[in-house]
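Keeping their order, the protein sequence lines are chains Y and L. If you want the working numbering, it's the position in the first sequence, counting the first as 1, plus 71. Heads up: the second sequence at position 266 corresponds to 256 in the working numbering, and the numbers run straight through without jumps.
No wet-lab data here; the hints were simulated from the structure. Cβ atoms here follow ideal geometry from the backbone N, Cα and C, with glycine treated the same way. Treat each hint with caution, since some may be false.
Covered, in the sense of this in silico footprint (three residues per stretch, anywhere, with C-beta under 8 Å from a C-beta of chain L), are these stretches of chain Y [said to hold, decoys possible]: (1) 134 to 142; (2) 172 to 186; (3) 245 to 254; (4) 330 to 340.
In silico PhoX-like links for lysine-lysine, alpha-carbon gap of 25 Å or less [unchecked claim]: (5) K172/L to K107/L; (6) K145/L to K80/Y; (7) K126/Y to K296/L.
Residue-level listing of the chains:
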Amino acid sequence: MKYTKLSDKLFVAFNYVFVTIFTLLCFLPFYVMVISSLTDKNVLQVDGYTLWPRKFSIEAYQWVLKGKQVLTGYQVSVFVTIVGTLLSVVLMSGVAYALSAKKFPWRSQLSFYVYFTMIFSGGLIPWFITCRAFGLYDNIWALIVPMLMNPWWIFILRNYFNGLPSEIMESAVIDGASDWTVLSRIILPLSTPVLATTALFVAVAYWNDWWHGVILLDFADFRPLQVLILRIINSIRAIRQAMAMEGGSSIAISSAQIPAKSIRMAIVVITIGPIILLYPFVQRYFIKGLTVGSVKG
Amino acid sequence: MPQSAPRRRGGVPGFLHAIFSNRLIILLALPGAVLIFLLKYVPMFGIVVAFEDFRADTGFLSPWVGFDNFRLLFGSPVLWRIIRNTISLNVLFIIVTTIFSVGMALMLNELAHPLFKKLTQSIMYLPFFMSWTVVAMLLYGFFDFESGMINSVIKLFGASPVSFYDKPDWWPAILTILRVWKGTGSGCILYLAVLVGIDFQLYEAAEIDGASRWQRLRFISLPLLTPTIILVTLLAIGRIFYGDFGMIYTVVGDNALLYPTTDVIDTYIIRALTTTTNFGMSTAVGLSQSVLGFICVFGSNWIVKKWSQRRGEDYSLF
């Protein structure tokens, strides 16, 4: 008994230690990033990354928020996220509703129709050609439309709808309720958890999307925030590689083209800002919501 | 229901009636279903490009070359490199991330302090919400040859700085660590949910019988987690021919020095798209990927079905 108690104590202690370390590792990069963005840029260059600003400065943010690119990027990202999320949730719920309505005779065909797209696709090039053919190229809708339908979420929504008590709906139908009444007065009010969860994850997906901005935008003069970051990091890497190959002789010239560390950090902080700000409020949905569609029903 | 005069419900009138009585449902599902058709099914017709010598000016009506693109493809060493990288990286990711996600879930389950649990879980979930572009920027801050965090520390100790972006052998490990860092917080949730649902009395009985916490974990928690682990792994195996493009393209960048270990099928196809070389060949690669992936999903599902049925269960997906 004593032996068991000691090994138990060690076991629990180990758990706490490991979880704490891992949590710190998840937290520190963001913390250092925020601190760096608030550090005077010359101090940052000399001293490197620190846990507290050696010299406080909001110059990076002032510089970044003056620039047209970041402001435009923000507008693009916000618009795409809000419009995309709304459209996506509405459209996907419509399909999920059809998949769960017991009276709908073509449920299994529709289910296979949706599911098949998860296991087989035409590939990138045909998709690209299709998008261009439909005009989803070089405009803002190219960032919204291709991401609207996601079979994974459709099935999560369907599973949730399936789990709703059918007796209420059946008795409503017996009392003469139309499909619309059942939907608007019973199903929708009861579905707020899953709709909110879906909306949140879809919104994050839209906000973080850089892929469509890279592939489907060409001459357009706007880019979402994530693409801006990608461009910065790509040009930095390219310049550094060139410098390394040339042996450092052009360091003075090239360095000037690389945005200062504090500015890079400021841009990143601005980009993840909305997510971090909303995080405490929506946190409970994220953890609970992921299992809402699977454990239930 | 009373037998009245025979009503023809089959054929066209029956079909029309079904549509009418389900008109709201159809109306609601139609836009989404049409979008799925336009953006997921229509591209499937584009597969013909894999069998053509695609030119921009002739488009879909480019000359037909049958399996020539595939023959060229399977003869080229590049294809084997990208397939090998795709699969080996994905296998590595699946194994290591599963170990960490399950391990983290088990550990969190052992914690008693509710506030600590909630706080750590929230913070661990944070990396999940960052896009890979942000991670790429942060990683660069770490790895930069001149002033990155790691090299700053190395220089403090007087050693010479390390260049990370030209050592292909290190990157499978680096990428795996990144996947673990970013995915454990979200990946452990599902397992945690299962663990939380385990009947408390099972643990109590074991404790009374003298089992230590570790033994309870090994003989109760882990076996009850197995179906979920298998399910998640099965889903992952279905995607084994699809590289983690989102991570690799952003974090590694288009770095030819690192191709030997990081170039996957998807990055190869993207290069073809952005440098507009051979659309026919790249479509052939994409088609191979889809077909292989399809076989994988069915294959892994079948294997698991047979294996689990032998133990009296059915862990398969379909």
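May I ask which of the numbered hints given earlier this structure violates, with the numbers listed in increasing order? 1, 6 and 7
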